Structure formats: structure tokens, C-alpha cells
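J.: So the protein lines, in turn, are chains A and B. Number 213 marks the last residue of the first sequence (the numbering used here); no jumps. Number 213 marks the last residue of the second sequence (the numbering used here); no jumps.
Any given hint could be a false lead.
Because identical chains share one entry, a pair is satisfied inside a single copy or across any pair of copies.
No more than 27 angstroms apart at the CA atoms, straight line, and that leaves these computed lysine-lysine pairs for DSS-like [what the hints assert, rightly or not]:
| no. | residue 1 | residue 2 |
| --- | --- | --- |
| 1 | LYS61 | LYS170 |
| 2 | LYS61 | LYS79 |
| 3 | LYS79 | LYS31 |
| 4 | LYS31 | LYS61 |
| 5 | LYS31 | LYS170 |
| 6 | LYS31 | LYS59 |
| 7 | LYS59 | LYS170 |
| 8 | LYS79 | LYS59 |
In short, the hints are calculated from the structure, not lab data. All values reported here derive from a predicted model rather than from experimental measurement.
For reference, the chains in residue letters:
2 protein chains.
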Amino acid sequence: MVRRSGRRPGNQDTRQSILDAARSVFAEKGFDQASIRAIATEAQVDPALVHHYFGTKDKLFLESMNMPLNPAELIPKALSGPREEVGERMVRLVLSVWDSPAGTAAVALLRSAMSNERLARLMREFVISQVLRRAIAELGIQGEEGALRSALVATQIAGLAVVRYVLKVEPVASADPETLVRAIGPTVQRYLTGELWSPAQLRNPDEGDPH
Amino acid sequence: MVRRSGRRPGNQDTRQSILDAARSVFAEKGFDQASIRAIATEAQVDPALVHHYFGTKDKLFLESMNMPLNPAELIPKALSGPREEVGERMVRLVLSVWDSPAGTAAVALLRSAMSNERLARLMREFVISQVLRRAIAELGIQGEEGALRSALVATQIAGLAVVRYVLKVEPVASADPETLVRAIGPTVQRYLTGELWSPAQLRNPDEGDPH
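Isolated chain A, as found in the complex (with noise of 0.2 angstroms):
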């Protein structure tokens, strides 16, 4: 179905057949159990085709998905520089993506993911496993405390796409980029790097938990 009968493909015909086929698999699929080779099976083609056309599993996702720009190479950029800065770093970078015209199909696909069931759990192994997690292990945190500073890291900057873009709650919806930076950098930072646990961040230890 994807391979038009009676003609030979040329070269955009057979990018857009892998394109389909990629759609289809890693909407049935999911990102980590969809191949490159399942995907050539899909659109007919030879599996060293779709790597001359698309390189890397990551990239032909990020084309099926009309993303214009890579996180996998964003999020690198945001890491590196002062540790201590790295929560600032990483709410400016996000900004400066989505407020782009290249944002808008982020916050697009942010928002078919919340009602599609398919389309959120390729996000989440995607942006969260592929991408966040990856590039924690970078600042040397692992394993499950690694898994738990990504999600955290997540529910802010999902809220903060949420709020900014989609349910337009002012005055975050037209802030100054740089006013939302200082003021959700620093929680970003506490959960890439900071104590998530210390009670002394919540009470007076002499109070006693009155709960």
C-alpha cells in the first residue's frame, strides 16, 4: 500500500514510502521496539536504504514526526557549561526552541500526545528515555535516582509548555524568556542536581511533622 503499483519509486517517492512506514510502526510499535529493519519491511525497501536516507533511528522518528529540530542534540548543548547553571541553561534552550516558528510543531505534537495513547508513549521513549536520561548520565547521575531526576526535570518543563503555550495562563504566557529562566531555572536545577529529600528544605526539624 505504501509503494505505489505500476511505476518504479524515484527518490522522493521512496523517502515518503519510508516516512509512511515509519509512521505506522512506531505508532504500533513504540519507539524502542520499532527497527530500522521492520520499517524497510514496511515500506519495501532495502534496510541500507533507509540509513542512506535517514541515518539513525532518532533522526528518521524526528522526520516522521515533522520535528524540525533534534533534542538529542539540543540537550547536550544545555548540559555543557557550569554545572551550577545548568537549570537556567536548560529552561533558556527550551524557550528559545519553542518560542521559535520550529516550536510550534513541538507544542503540536506535546498536545496530540495528551489525548492519543500511541502518540504519548512514543514521547516518553523518546524525549524521556532516549534523550533526558541519556544526557543526565552525562552530569554522572544513573540508574533509578537518574530515572527519577528526569522525571521531575519533565514535570516542570511539560507544565511549562502546558501553561505558555497551550493553555496561555498569563503573565506566563508572554513573559520575558529571561524572567521565566531565573524563576524555573533554579527547580530545574534542584532536580537535575540539587537534595530532593532534606526535610530541612521543609520544616523547622524542631517543629516536629504535625501530620
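Start from chain A and add chain B according to the hints.
T.: Then chain B, alone, in the frame of chain A:
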């Protein structure tokens, strides 16, 4: 169209007519602009009857959205008690509501608001302006600062809901509520009552700003 012709509606029919009219008028005008009078006109009943069945506009709105719980009653509860624990209490309350069977409706509403501009407006106007800002005013925070702090709290709470209940990112999706209270409470606390701007939180002043 709302009231069936040919017979006099009984109580259940009247109640349902008012709910149908409320949904229609709220969707059309948003929460702020919708009036009990306009809803009564749409339902072809006396405004006193709307008050009789549903009390306030808040309560009518919640029933028309199938919301079993009233945030206007819940949030002030979270705000009462020691001021330095309000962030923890708010996260604990939100999780106890959303983890309960009744919470399904709240999550469904958030999900729908992501793809429906009218619902997004209703949610924004009702939850943010009516509930959260009013509650924050009780903490003695007013005006522009109150609006900013409310919206920042909304980024963290909405993001927690999206990651735990919609995208279902582990370990946040299945974490013990108290784990999340301890990890996320301090964020909400800072957005409510903490220092939002201090550059000292972000970098050593001796280093200067490298950007």
C-alpha cells in the same frame, strides 16, 4: 431545543436542561462572561431556579463539567496550616484528589483542554483566576506578583498531572505520593512564598554572568 416540546419537564428534565444550557453558554462565552441569567435564558427557566438547583456559578460550572470535587473548597484547606509547609500540603492534596476515582474526571478535563481552545479558556479562567489566585490572595500575595506566583504554581502542578497521569513517565507515574510531596513540595513552596529572583540562587556572584 433544550426543552422537549409537548410536555412539561419534571425536575430531572429541568436540571438536565440547565446543565445542557450551562455547557453551551460556558463554551460560548468562557467562565468569566457567562452569567446565570444567560444560562437561565438558554434553558428557558427562571434564574432563581438555576440558583435553587445549583447554588453558585462555580458549582454549576463544576457540575456541568462533571467535576465531582470543588477546587474552590479544596485549595483553601491546603493553604491553612503552617505557611512554610503550604507547598507540601498543596502537592499532597492534588495527588490525593487525582489518585482517587474522582480524580479521573479532572485528568480527563485537563486532557481535553489540551486540544480544545474553548475548554482551555474555561480551565484557565476558572482554575487559575477563580481558584488559585483567590487562594494566593489569602496568603497575602496580591496583584501582579500573585498572578505570576499562581501561574508558576500552575506550571508545576499541570506538569505533574501530565507526567504522572497522561504521559505516565516512570518513576513518577507509580511513585508513592509522599515521595512526590517531598520532591515537588519545595518547588511549589518557593513559587508561593519564596525568593523568585535571587541571582545568588543560581550562581556565585564572584563569577559574573558568562552570557
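J.: Next, verify each hint and record whether it holds.
T.: Going down the list of hints, with the structure as the test:
1. LYS61 with LYS170: Close across copies (24 angstroms), not inside one copy (30 angstroms); limit 27 angstroms.
2. LYS61 with LYS79: So LYS61 and LYS79 pass the 27 angstroms test inside one copy only (18 angstroms; across, 48 angstroms).
3. LYS79 with LYS31: neither (30 angstroms within a copy, 44 angstroms between copies)
4. LYS31 with LYS61: Cα proximity of LYS31 and LYS61: one copy only (17 angstroms, versus 43 angstroms across).
5. LYS31 with LYS170: between (33 angstroms within a copy, 17 angstroms between copies)
6. LYS31 with LYS59: For LYS31 and LYS59, only the intra-copy Cα distance (13 angstroms) is at most 27 angstroms; the inter-copy one is 46 angstroms.
7. LYS59 with LYS170: between (34 angstroms within a copy, 23 angstroms between copies)
8. LYS79 with LYS59: within (21 angstroms within a copy, 49 angstroms between copies)
Violated hint: 3 only; the structure is consistent with all others.
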